[in-house]
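Peer 1: The chain contents come next:
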Amino acid sequence: MTIDRTIAPEFKAINDIKLIKPEQLTLNNGLQVFCFNSGGQELLRLEWIFGNLRFNPEKPLLNQAVSTLITEGTETLTAAQIADRIDFYGAFLQAEYGFDTSQLTLFSLNKHLSSTLPVVKDVLTNAIFPQKEVDTYVRNQQQKLQVSLRKNDVVARRLFNKALHGNTLYGFSPEAEDYQKLQREDMLGHYHEMFRPSNCTLIISGKIEKEALDLIIEMFGENWQLDSNPADISQPEVVAATEHFYYKEKPGALQSAIRIGLPAVNRTHPDFSALQVLNTVLGGYFGSRLMANIREDKGYTYGIGSGISSFKHTGTWFIASEVGADVCRAAIAEVEKEIGLLKTELIPEDELNLVRNYMLGSLLGSLENVFSHADKFKNLYFSGLGYEYYDNYMQTVKTVTAEQLKDLANKYLDSDRFYKVIAGKY
Amino acid sequence: MVNFNRFTLDNGLRVIVHEDNTTPMAVVNILYDVGARDENPEQTGFAHLFEHLMFGGSVNIPVYDEPLQRVGGENNAFTSNDITNYYITLPSANIETAFWLESDRMLNLAFSEKSLEVQRNVVIEEFKQRYLNQPYGDVWLKLRPLVYKTHPYRWATIGEKKEHIADAKIEDVKAFFKKHYNPQNAIMVVGGDVTTEQVKQLAEKWFGQIPAGEKYHRELPQEPEQLEERRATVTGKVPLNDVYIAFQMCGRTDEGYYAAELISDILSRGNSSRLYRSLVKEKQLFSEIHAYITGSLDKGMFVVEGKPLENVTIEAAEAAIWEELERISTELVPADELTKVQNKTESTMVFAEMALLEKAMNLAFFELLGDAGQLNNETKKYLAVTAEEIQRQAKAIFRKNNSSTLVYLAEKPEPEFA
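Line order of the protein sequences matches chains A and B. For the first sequence, the UniProt record's numbering assigns the number 1 to the initial residue and increments by one for each residue that follows. For the second sequence, the UniProt record's numbering assigns the number 1 to the initial residue and increments by one for each residue that follows.
Hints are computed from structural coordinates only; laboratory data are not their basis. Accuracy of the hints is not assured; some may be wrong.
Unchecked claim - Capping the alpha-carbon separation at 20 Å, the derived lysine to aspartate or glutamate pairs in EDC-like fashion look like this:
#1 398/A with 66/B
#2 151/A with 411/B
#3 144/A with 282/B
#4 18/A with 193/B
#5 200/B with 10/A
#6 144/A with 288/B
#7 132/A with 288/B
#8 151/A with 288/B
#9 298/A with 66/B
#10 21/A with 391/A
#11 111/A with 336/B
#12 281/B with 391/A
#13 162/B with 326/A
#14 142/B with 223/B
#15 132/A with 117/B
#16 398/A with 271/A
#17 283/B with 133/A
#18 205/B with 75/A
To be verified - Taking beta-carbon pairs under 7 Å as the criterion, some of the chain B residues facing chain A (in silico):
#19 25
#20 67
#21 71
#22 94
#23 118
#24 125
#25 126
#26 129
#27 132
#28 133
#29 271
#30 323
As the list claims (entries may be wrong) - Covered stretches of chain A, as calculated for chain B (at least 3 residues, CB under 8 Å):
#31 7-18
#32 74-84
#33 139-147
#34 356-364
Remember, predicted model here, so these are calculated numbers, not experimental data. By construction, the Cβ of each residue, glycine as well, lies at the ideal position given by its N, Cα and C atoms.
Please model the complete structure; the sequences and the hints are all you need to start from.
Peer 2: Spelled out as structure tokens, the structure:
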């Protein structure tokens with residue numbers, strides 16, 4: 001059998017993407033629980049997600065420090081005992097800080113849930129932030145900060161975030177002094193206001209058996225105290241800086257980190273899905289225009305990409321790369337050229353169709369297991385959106401026209417609004 | 001438990017099929033049995049550079065990525081000192097596109113001068129980004145030649161130096177392809193929403209006609225036993241001192257491997273681990289400390305790495321590490337602690353079964369080791385390790401005469417104003 005290898009096999013468009021929707025429970029104490037049940041492996045992921053408290057510029061590290069140090073000791077368990085208990089049962093307990101929410105995540109085999117859950121309960125209700133652990137955190141974070149500040153991409157990101165988001169959780173990057181200012185009393189106060197059932201969403205995914213769910217409801221419903229005052233999770237207004245250009249010179253740099261971008265809309269805006277298409281064309285996948293031009297044609301960089309970050313109170317469109325120090329200006333000129341082309345020329349139908357298929361395939365591929373379905377839900381839920389968002393998204397990806405994308409490029413990619421940050425040599 | 005079927009084409013291509021109908025996706029993972037260890041010492045970094053060139057078009061298909069993206073697929077690849085691994089994820093309805101693309105580049109590449117020129121630049125930028133323009137980025141370029149004197153593990157996958165990449169010629173690229181990229185040196189795993197029958201038919205159709213090529217017979221100089229303590233000190237533009245102690249250890253297929261990996265878990269996995277608890281939390285000597293193994297197919301490395309706090313001398317830091325290494329070599333690990341790391345390994349294996357691509361990569365890797373089926377015996381092997389074996393391995397590894405210490409000293413920088 002001879003085959004003609006120059007002809008690509010037939011392919012099918014992706015039409016139907018099914019998302020698993022959760023079952024919702026509201027417990028008596030106000031806790032919202034969402035369950036994604038699947039067969040398969042005997043394991044669970046539980047995520048307790050809390051809204052961050054209002055940013056206080058005088059005590060800017062509190063959300064971050066409290067969310068990170070919550071596992072470092074309770075009234076009954078030391079940090080070491082918490083770690084021992086979790087590790088012994090082959091479980092994983094992660095405390096993570098995010099811009100809008102922070103969360104505690106437990107990965108556990110079902111068979112060990114009755115041993116691992118009480119530890120989480122203790123952490124969520126009785127954390128004490130021992131002074132010794134706070135001191136260790138401060139010392140180690142200060143050391144790690146010194147290393148981070150030697151990385152050009154980190155320096156560029158910090159400057160960029162500050163310029164676009166000012167004095168907010170999104171704009172803040174800690175300095176060594178900020179760690180010094182951490183007070184245990186402040187942390188305790190912050191903890192008690194933030195980590196309460198009415199400010200919590202619990203998302204369970206995996207193989208949810210009845211005994212497990214009963215145990216969870218008993219422990220985090222009936223036995224988690226009802227609170228009176230709601231947590232203040234409002235946030236100060238995001239105000240971007242008037243200065244649009246930042247250059248941090250790093251003598252001897254072999255590469256320069258560049259970050260170029262501007263304020264954008266977030267997921268709740270009707271244009272967001274179409275902007276995702278436009279962004280994908282520009283720098284959102286391996287075959288994007290930025291990669292094709294600046295890596296694959298010019299060889300200026302190992303990688304370049306763009307993305308739109310959707311936060312609760314703002315959005316940001318950014319392009320990031322690390323480029324050879326000697327070609328920094330040339331690379332920026334090419335980035336600007338590519339942005340300009342989106343505003344002046346229609347995206348060829350062939351390229352647009354490729355991007356449509358790529359994006360739908362990518363969405364389908366991102367639904368690898370039940371955890372990924374829960375992640376999709378989080379995107380919606382914390383933006384105050386419903387599943388119609390994904391229906392609209394798929395519809396937009398399939399049907400948005402080159403004319404509409406050109407109009408959007410002109411509407412959103414206003415040259416005067418761009419911020420440009422370079423760390424390295426320019 | 002990861003189920004699979006296995007067959008071999010007449011040209012020697014080994015194919016493994018993992019049916020998983022819980023997903024609408026499919027993965028195609030092709031492992032080529034070639035890594036940086038197979039390079040000429042004068043042309044290091046070649047296996048990795050070559051991986052980049054595999055995306056520069058093949059004999060009948062001018063560009064690789066575009067047709068894949070057009071059918072909703074994504075792909076990537078990595079090169080290690082031992083293997084080069086390529087993978088595609090795409091909607092299963094379009095699986096044939098993956099066969100078309102992968103078979104054409106196994107058949108022959110386009111060998112374009114333009115592609116070579118650009119990818120040389122891209123890889124040199126990668127070299128800068130990951131190894132030269134990062135604090136401590138060049139550690140592996142310095143540590144490997146300290147641990148290995150003979151074996152090609154003495155250079156990193158990126159290459160010994162940028163010049164080796166800059167000098168690569170198209171003839172070298174062609175010769176490398178001929179030597180390593182053929183059905184006999186490859187293992188293909190197809191996983192996801194597919195059937196074995198379908199994969200057999202597609203494999204036959206697209207790969208069946210590719211000439212078998214020559215089997216590459218590996219004859220690498222093996223690293224002799226280390227007989228003396230080794231040490232190097234470098235000073236660089238880094239903010240903090242950093243200490244690396246590397247030991248030679250057995251290869252991936254050696255019986256002792258499982259105990260060695262559990263030792264690294266006892267020392268450094270999670271917040272209950274010994275080094276973290278003792279040296280970061282209790283004695284407060286380090287801001288961070290890690291222990292890990294390279295898992296290499298030939299003689300590997302067991303590495304302990306930590307950044308001492310600013311008021312701690314290098315001598316004190318090293319002594320504290322050695323104290324923990326002595327302890328695990330002389331005292332039997334308590335039953336609870338051993339059970340803990342074994343439980344962790346067991347649950348990690350269960351979690352890994354939720355990731356299709358990871359399963360496919362693991363099957364390919366274990367087939368390379370000799371039998372894909374051994375993937376399902378891994379957990380058992382970790383659970384069978386005894387406290388005595390842990391002690392025996394620790395004793396064998398943690399000897400001064402088997403150590404290579406690299407001290408990375410912070411050069412006090414010019415004051416910098418923000």
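Peer 1: Each hint should be assessed against the structure and marked as holding or not.
Peer 2: Consistency of the hints with the structure:
1. Taken as a hint, the residue 398/A and residue 66/B pair is honoured in the structure, with Cα atoms around 18 Å apart against an allowance of 20 Å.
2. The hinted pair formed by residue 151/A and residue 411/B meets the criterion: a straight-line CA distance of about 16 Å does not exceed 20 Å.
3. Distance hint between residue 144/A and residue 282/B is fulfilled; the C-alpha atoms sit about 19 Å from each other, no more than 20 Å.
4. A distance of roughly 15 Å separates the Cα atoms of residue 18/A and residue 193/B; the hinted pair therefore holds under the 20 Å criterion.
5. Simply put, residue 200/B and residue 10/A have alpha-carbon atoms about 19 Å apart, close enough for the 20 Å limit, and the pair holds.
6. Between residue 144/A and residue 288/B the alpha-carbon distance is near 9 Å, which keeps this suggested pair within the 20 Å criterion.
7. With a C-alpha separation of about 16 Å, the suggested pairing of residue 132/A with residue 288/B holds against the 20 Å cut-off.
8. Of the supplied pair hints, the one linking residue 151/A and residue 288/B holds, its CA atoms being roughly 18 Å apart against a limit of 20 Å.
9. A distance of roughly 18 Å separates the Cα atoms of residue 298/A and residue 66/B; the hinted pair therefore holds under the 20 Å criterion.
10. Annotation: proposed proximity of residue 21/A to residue 391/A holds, straight-line Cα distance about 13 Å (limit 20 Å).
11. As the CA atoms of residue 111/A and residue 336/B are separated by approximately 18 Å, the hinted pair is consistent with the 20 Å bound.
12. About 50 Å separates the Cα atoms of residue 281/B and residue 391/A, which puts this hinted pair outside 20 Å; it is violated.
13. Of the pairs offered as hints, the one joining residue 162/B and residue 326/A holds, with about 16 Å between alpha carbons and a cut-off of 20 Å not exceeded.
14. For the proposed pair residue 142/B and residue 223/B, the alpha carbon gap of about 17 Å is at most 20 Å, so the pair holds.
15. Distance check on the hinted pair: residue 132/A and residue 117/B sit about 56 Å apart at the alpha-carbon level, beyond 20 Å; violated.
16. A C-alpha spacing of about 14 Å is found between residue 398/A and residue 271/A, which places the hinted pair at or below 20 Å, so the restraint holds.
17. A hinted pair counts as satisfied when its Cα atoms are at most 20 Å apart, and residue 283/B with residue 133/A qualifies at roughly 13 Å.
18. The straight-line distance between the Cα atoms of residue 205/B and residue 75/A is roughly 66 Å, outside the 20 Å bound, and the hint therefore fails.
19. Of the supplied interface hints, the one on residue 25/B holds, with its beta-carbon coming within about 5 Å of a beta-carbon of chain A, less than 7 Å.
20. Look at residue 67/B: its Cβ gets to within about 5 Å of chain A, closer than 7 Å, so that hint holds up.
21. Interface hint status for residue 71/B: upheld, as the beta-carbon distance to the closest one in chain A is roughly 4 Å, under 7 Å.
22. A least Cβ separation of about 5 Å between residue 94/B and chain A falls short of the 7 Å threshold, and the interface hint therefore holds.
23. For residue 118/B, the interface hint holds, the least distance from its beta-carbon to any beta-carbon of chain A being 4 Å, beneath 7 Å.
24. Against a cut-off of 7 Å between C-beta atoms, the interface hint on residue 125/B holds, since the closest Cβ of chain A lies about 5 Å away.
25. Contact between residue 126/B and chain A, as hinted, is supported at the beta carbon level, the nearest pair being about 4 Å apart and thus within 7 Å.
26. Hint status for residue 129/B: holds, given a least beta-carbon distance of 5 Å to chain A, under 7 Å.
27. Because the beta carbon of residue 132/B sits about 5 Å from the nearest beta carbon in chain A, less than 7 Å, this interface hint is met.
28. Given the 7 Å rule on beta carbons, the hint for residue 133/B holds: about 4 Å separates it from the nearest Cβ of chain A.
29. Interface hint at residue 271/B: satisfied, since its Cβ lies 4 Å from the closest Cβ of chain A, which is below the 7 Å cut-off.
30. About 19 Å separates the beta-carbon of residue 323/B from the nearest beta-carbon of chain A, more than 7 Å, and the hint is not met.
31. Against chain B, the region 7-18 of chain A contributes 6 residues with a C-beta closer than 8 Å to a partner C-beta. That satisfies the three-residue criterion, and the hint holds.
32. For a cut-off of 8 Å, the count of residues in the region 74-84 of chain A with a CB near a CB of chain B stands at 5, and the three-residue condition holds.
33. Counting residues of the region 139-147 of chain A whose CB falls under 8 Å from any CB of chain B gives 6; the rule of at least 3 is met.
34. Check result for the region 356-364 of chain A against chain B: holds, 6 residues qualifying (beta carbon to beta carbon below 8 Å, three or more required).
Hint check: violations occur at hints 12, 15, 18 and 30; the rest are consistent with the structure.
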